[in-house]
Structures are given as C-alpha cells and as structure tokens.
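S.K.: Sequence:
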Amino acid sequence: MAILTASVRSGRALFAAPVRTLAVVVLLLLPGMRGSAQATPSREYQVKAVFLFNFTQFVDWPLTAFSSDSTPLVIGVLGDDPFGSYLDDIVRGEQVNSRKLTVQRYRRTADVKVCQVLFVSRSEEKNFGKALAALKGADVLTVSDADGFASQGGMIQLSTENGKIRLKINVDAAKASSLIISSKLLRSAKIVASRD
Numbered sequence: 001m002a003i004l005t006a007s008v009r010s011g012r013a014l015f016a017a018p019v020r021t022l023a024v025v026v027l028l029l030l031p032g033m034r035g036s037a038q039a040t041p042s043r044e045y046q047v048k049a050v051f052l053f054n055f056t057q058f059v060d061w062p063l064t065a066f067s068s069d070s071t072p073l074v075i076g077v078l079g080d081d082p083f084g085s086y087l088d089d090i091v092r093g094e095q096v097n098s099r100k101l102t103v104q105r106y107r108r109t110a111d112v113k114v115c116q117v118l119f120v121s122r123s124e125e126k127n128f129g130k131a132l133a134a135l136k137g138a139d140v141l142t143v144s145d146a147d148g149f150a151s152q153g154g155m156i157q158l159s160t161e162n163g164k165i166r167l168k169i170n171v172d173a174a175k176a177s178s179l180i181i182s183s184k185l186l187r188s189a190k191i192v193a194s195r196d
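Numbering-wise, the working numbering puts 154 at position 154 of the sequence shown, and it's gapless, one number per residue.
No lab work stands behind these hints, which were simulated from the structure alone.
No false leads were slipped in.
With a straight-line Cα cutoff of 20 Å, these simulated SDA-like cross-link-like pairs (lysine to any residue) come out: (1) K168 / D147; (2) K136 / S151; (3) K136 / V192; (4) K168 / G148; (5) K113 / D60; (6) K184 / Q57.
A quick note: this is a predicted structure, and the numbers were derived from the prediction, not measured.
Please put together the full structure from these sequences, using the hints given.
M.R.: Laid out in structure tokens, this is it:
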C-alpha cells in the first residue's frame, strides 16, 4: 500500500510513467486482494482507482467536453461506489493539463450532466444498455469492471485475469465520442469490438 500511495503523491510518478510501470505497481498489489467493497476499499479497488486517475493522462477529450479553461475534469461513479473515499484521496490536489480533478457520484444515468471519466459500477449491470445508449456520443470515457462491458459498447473494461488487471478497450466506442486514447494505453490492452 505504501508503494502505491508514495507513487501517486511523489512528483506525479504515475502521472508520467509508462503504462508498464503502472502494471508493475498493480502486480505488486494484487496478490493481497480481498473480494468485496467496503468502507476501506479492497486493494483491488484501490488499484482500479489509480487506473481511473491515470486514464486522465492517456485520453484526450475534445474542447466541447469542458465549458471553460478552468472547468475541472470530473471522474464519476455511477451506481454503488466500490472506492469509498479512496478515489477522492487519490485525486485531491492533482491536476491534468491545468485542470483540477474532482469526483462525483451518480445514482442514475440521467444525473450525469458533466463528467469526463465515468466508472459504471457492477450494480448497474442490468442497465448497461440503457446507460451506454444515453451516453453515446457524449464526451465521456466509460469504464467498468463488469464482464462484457467493452463488448456491450463501453470504452474500457478492467478485467481481472489470474490476479492481474487487464484492459479491454473498445476503440470504436471511444472514437464515436471523439475521445482519443493514447497508443501507450492501447499497446497494453486487448482491443474489442461491440457486439451487434
């Protein structure tokens, strides 16, 4: 845990680090994962919170995603929040391209008004189709750890395989929302297509 916290807070080490370095940190943390979300999130969700934070470094949003130069970049959580205050702690005091980072929580897709990265909780699994349809074409990077999320039209799926977090990225879904995902992120991911 100290490795993760120190890396996030010291000199933005994870900010500028290649995805491989992030993967090493993830691999160091995953062997001690616990399965369920709680007041203090499991190590798995602490690592996934760091992924959300780092996605802000590897994605370019169109100017229309922000109402002004000082508008913060919002990381949202839709549905049950598996991160607790940990995600807030990760982004507190951080900036991306001179924009402050902030965290918002939403109970319904209709509540999502201004958001650049949206983690869709597994609690919303039965509503994925409706949520993704409502967000289609919006300047929102959709992320989830639910099975099949990327093939249903979500942009990034955090998939745990053999104790490691792997990325599945639906490039076409990102392009449809005018988001550009860095090749550094794409190199470490499995590219998937939406099911018709």
